[in-house]
Amino acid sequence: MTEHYFSEKPVSIGKKEIISDIIRGVAVEFIVEPGVFSRRKIDPGTKLLLETAIIPKEGIVLDVGAGYGVIGITIAKLNPKLKVYTVDINKRAVKLCKINAKLNNVADRVIVLHGNLYDPLPKNIAFDMIISNPPYSAGFQVVEKLVKEAYQKLKKEGTIQLVVRKGEKKLKRILEETFGNTKILASKSGYKVILSVKTT
85 MTEHYFSEKP VSIGKKEIIS DIIRGVAVEF IVEPGVFSRR KIDPGTKLLL ETAIIPKEGI
145 VLDVGAGYGV IGITIAKLNP KLKVYTVDIN KRAVKLCKIN AKLNNVADRV IVLHGNLYDP
205 LPKNIAFDMI ISNPPYSAGF QVVEKLVKEA YQKLKKEGTI QLVVRKGEKK LKRILEETFG
265 NTKILASKSG YKVILSVKTT
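Numbering (the numbering used here), first residue to last: 85 to 284.
No wet-lab data here; the hints were simulated from the structure.
Glycine residues also receive a C-beta, built at the ideal position from the N, C-alpha and C atoms.
Keep in mind that a hint or two might mislead.
Simulated crosslink set (EDC-like; lysine to aspartate or glutamate; CA at most 16 Å straight-line) [unchecked claim]: (1) Lys240 to Glu228; (2) Lys276 to Glu101; (3) Lys229 to Asp203; (4) Lys232 to Asp203; (5) Lys179 to Glu101; (6) Lys240 to Glu142.
Here are the in silico distance ranges between beta carbons for each label pair [unchecked claim]: (7) Ala111 to Lys141: 17 to 27 Å; (8) Gln225 to Arg249: 12 to 22 Å; (9) Asp192 to Arg108: 14 to 24 Å.
Please work from the sequences and hints to get the whole structure.
This is the structure:
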């Protein structure tokens with residue numbers, strides 16, 4: 085039976101490995117272990133999201149469901165003016181994310197938090213961008229909560245940018261209901277990257 089990575093304490097055992105890639109011309113590498121999402125290579129949906137996301141020039145970014153840190157750490161590496169928060173419920177992923185922030189020399193700008201969705205974040209913080217490859221396998225109610233609560237966490241003109249493979253229509257509907265707008269940034273191999281803007 086395959087272990088569900090959207091769990092607080094994975095029980096799978098195995099050795100650490102290093103995976104590496106080049107995204108938008110920047111080399112990144114990550115230490116991975118069993119019990120975390122996409123441990124063989126960077127997931128193609130995550131890679132498409134990173135390659136096509138509209139990244140702010142400065143400000144604060146949040147990576148929700150960050151896993152071992154691919155999205156948040158890559159964004160911090162791509163743009164040295166950004167401060168990046170990452171959140172994940174999986175304690176092993178959080179531990180790896182901290183290690184990987186140091187490995188990629190961005191630990192001074194990447195704040196790694198353990199918890200469910202927005203729960204561990206400071207109360208008065210507002211983000212310029214929320215980005216995620218959401219944990220669809222945890223159920224669409226988790227994804228819906230991620231989208232709906234994002235609205236209050238974003239600054240005006242802030243964006244939410246998500247990748248989806250199955251459930252695109254459902255995700256677009258929730259984004260439209262919450263933000264009043266959606267835009268497809270990319271479509272490749274069945275994956276779609278969708279952006280919404282907080283306009284008010």
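May I ask you to test the hint 12 to 22 Å on the CB atoms belonging to Gln225 and Arg249? Holds, since Gln225 and Arg249 (Cβ atoms, about 18 Å apart) stay within the stated range.
Need the status of pair Lys179, Glu101: alpha-carbon distance at most 16 Å? holds (14 Å)
Please verify whether Lys240 and Glu228 have alpha carbons no more than 16 Å apart. violated (21 Å)
Compare the distance between the alpha carbons of Lys276 and Glu101 with 16 Å, and conclude whether the hinted pair is satisfied. violated (29 Å)
Mind checking the alpha carbons of Lys229 and Asp203 for me, to see if they're no more than 16 Å apart? Since the Cα atoms of Lys229 and Asp203 sit roughly 12 Å apart, the hinted pair holds (cutoff 16 Å).
Lying within 17 to 27 Å: is that true of the beta-carbon distance Ala111 to Lys141? This hint holds: roughly 22 Å between Cβ atoms.
Lys240 paired with Glu142 [C-alpha distance capped at 16 Å]: Holds: Lys240 and Glu142 sit about 15 Å apart, inside 16 Å.
Is the hinted pair Lys232 and Asp203 satisfied, with a Cα-Cα distance of at most 16 Å? Holds - the C-alpha atoms of Asp203 and Lys232 are around 14 Å apart, at most 16 Å.
Supplied distance hint 14 to 24 Å, evaluated on CB atoms of Asp192 and Arg108: holds (21 Å)
Checked against the numbered hints given earlier, the structure breaks hints 1 and 2 and satisfies all the rest.
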